[in-house]
Amino acid sequence: AQSVTQLDSQVPVFEEAPVELRCNYSSSVSVYLFWYVQYPNQGLQLLLKYLSGSTLVKGINGFEAEFNKSQTSFHLRKPSVHISDTAEYFCAVSDRNQGGKLIFGQGTELSVKP
Amino acid sequence: NAGVMQNPRHLVRRRGQEARLRCSPMKGHSHVYWYRQLPEEGLKFMVYLQKENIIDESGMPKERFSAEFPKEGPSILRIQQVVRGDSAAYFCASSPYMDSNQPQHFGDGTRLSIL
Numbered sequence: 084a085q086s087v088t089q090l091d092s093q094v095p096v097f098e099e100a101p102v103e104l105r106c107n108y109s110s111s112v113s114v115y116l117f118w119y120v121q122y123p124n125q126g127l128q129l130l131l132k133y134l135s136g137s138t139l140v141k142g143i144n145g146f147e148a149e150f151n152k153s154q155t156s157f158h159l160r161k162p163s164v165h166i167s168d169t170a171e172y173f174c175a176v177s178d179r180n181q182g183g184k185l186i187f188g189q190g191t192e193l194s195v196k197p
Numbered sequence: 156n157a158g159v160m161q162n163p164r165h166l167v168r169r170r171g172q173e174a175r176l177r178c179s180p181m182k183g184h185s186h187v188y189w190y191r192q193l194p195e196e197g198l199k200f201m202v203y204l205q206k207e208n209i210i211d212e213s214g215m216p217k218e219r220f221s222a223e224f225p226k227e228g229p230s231i232l233r234i235q236q237v238v239r240g241d242s243a244a245y246f247c248a249s250s251p252y253m254d255s256n257q258p259q260h261f262g263d264g265t266r267l268s269i270l
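First to last, the sequence lines map onto chains A and B.
Read left to right, the first sequence gives residues 84 to 197 (this note's numbering).
Read left to right, the second sequence gives residues 156 to 270 (this note's numbering).
Rather than coming from a laboratory, the hints here were simulated on the basis of the structure.
Think of the CB as a built atom: it goes at the ideal place given N, C-alpha and C, for glycine as much as any other residue.
It is possible that some hints are incorrect.
What the hints assert, rightly or not - Straight-line alpha carbon distances no greater than 30 angstroms define the calculated DSBU-like cross-link-like pairs of lysine-lysine that follow:
(1) A/141 x B/199
(2) B/199 x A/132
(3) A/132 x B/206
(4) B/206 x B/182
(5) B/206 x B/217
(6) A/132 x B/182
(7) A/141 x B/182
(8) A/152 x B/199
To be verified - Residues on chain B that point at chain A, a partial pick, calculated with CB under 8 angstroms:
(9) 186
(10) 257
(11) 259
Could you build the full structure based on these sequences and the hints that come with them?
Structure, rendered in structure tokens:
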């Protein structure tokens, strides 16, 4: 069965510093990859997705992620974070052969300090 | 607001009661997914429905939980005889097509508390 591992449960960082949130998934023939952000007491908002093509994907709010098939990773990065980026971030995969259900990682809490 | 609407936002039940959670998908979306988020955990898939059909219920507990998405009206997640362990946030998501590359749009969730 497909699984997703987010290696860091909490990432504290200072404002304007770069950040990387790590995500690894179990090997599969073909998957689609997503990053979602969740602000307190809200639902999930799509940051970016990888379907095919270029392995570097750009999303909203200045975030980007790189798909690495050999390492089965899809790490999320931002060169300079803002206080408003403080939130929970979830990596998710969708197996092309199992309909649209998403398999989520455990989440990474990003805390941006002034 | 044309987004995914869930109600109620907060629901409190006593052990043994029934909980009904409602989800209206985005306009034009006919596919609905339910996920459960336990405290300090990620979201876990429960069930995937299309209008009047359950497509995948592999994540649903075997007992007490059921879901429907009728031809008219919202999708309903029903939990009978609730127990403390059912306390969680329940999220609904919708998409326009049955295609795993379609991003799902999420509601703000229903936070269920069992006394």
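Exercise. So which hints don't hold here, by number, going up?
Worked result: none
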